[in-house]
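Visitor: One-letter residues, chain by chain:
Number of protein chains: 2
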Amino acid sequence: MKNELKTNPKESLPKFRVSIDHGIAIGPGKADVLEWIATTGSLAAAGREMGMSYQHVWMLVKAMNEHFVEPLVEKKRGGSDRGGASLTPTGQQVLELYRAAQRDAADAIGKYMPTFEKLLKDKPQIS
Amino acid sequence: MKNELKTNPKESLPKFRVSIDHGIAIGPGKADVLEWIATTGSLAAAGREMGMSYQHVWMLVKAMNEHFVEPLVEKKRGGSDRGGASLTPTGQQVLELYRAAQRDAADAIGKYMPTFEKLLKDKPQIS
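Top to bottom, those sequences are chains A and B.
Throughout, our numbering is defined as the position within the first sequence, counted from one, plus 721.
Throughout, our numbering is defined as the position within the second sequence, counted from one, plus 721.
Just chain A, with the same shape it has in the complex (with noise of 0.2 Å):
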């Protein structure tokens, strides 16, 4: 799954939410959790990666999963609680969608870098 994940979580892109009425469906930290998930294999591993305990990692996972219509988010079968996760294809395509969302909100923005560019005395980029 790794291979297949486009972006690096520390990458700036603009910032977003996906919001439901009891709280955020998926934001800049959800995605950077999912995609740690992608990439470590890991619950735990995903929380290191972000400074994050264990627990507000998994807290973050069951919200996801129970906001979307299927879990995003498995743990792998027979392991213990501190072990293997995995993103489902749902997950897949739920991280896939918010990234795609931020580089095209990167491009919209981007428009608007040449007059920036004018206005500033220190040449810029969107961060």
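No wet-lab data here; the hints were simulated from the structure.
As the structure is a prediction and not an experimental result, all values here were calculated from the model.
Misleading hints may appear alongside valid ones.
Since copy identity is lost for identical chains, a pair holds within one copy or between any two.
Unchecked claim - As a list, the in silico DMTMM-like pairs of lysine to aspartate or glutamate whose alpha-carbon atoms are at most 20 Å apart:
1. LYS842 - GLU791
2. LYS842 - ASP742
3. LYS736 - ASP828
4. LYS842 - GLU795
5. LYS797 - ASP825
6. LYS844 - GLU795
Given chain A, work out where chain B should sit, using these hints.
Guide: Coordinates of chain B only, in the frame set by chain A:
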């Protein structure tokens, strides 16, 4: 100037930053500072609206005034340090550019919402 600005600083729009080598030229916080100065006509009042000290607002304004080719904010002539302030034409242009880029980014993201909606149990919105 108040009536020429069409957005509410508290409105949720995608967040991004225009960075330069030595910092952030403009991002969500600095855009809100500009907008509150335009709305209230005062650095101190802008700070109160944002829960920021006058000193913090002034530090952000000074940075913006230095990074752009012309100042974005001017203190009212003859005013005290805590006196009135307003956006220069360049300040208003920069704020309008930032908001326009945010709105275009929101439109780009909006195209993904029907797909997110199909994947979620509840109706989502961008925030």
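Visitor: Which numbered conditions among the earlier hints are violated in the structure presented, ordered from lowest to highest?
Guide: Numbers 5 and 6, in rising order.
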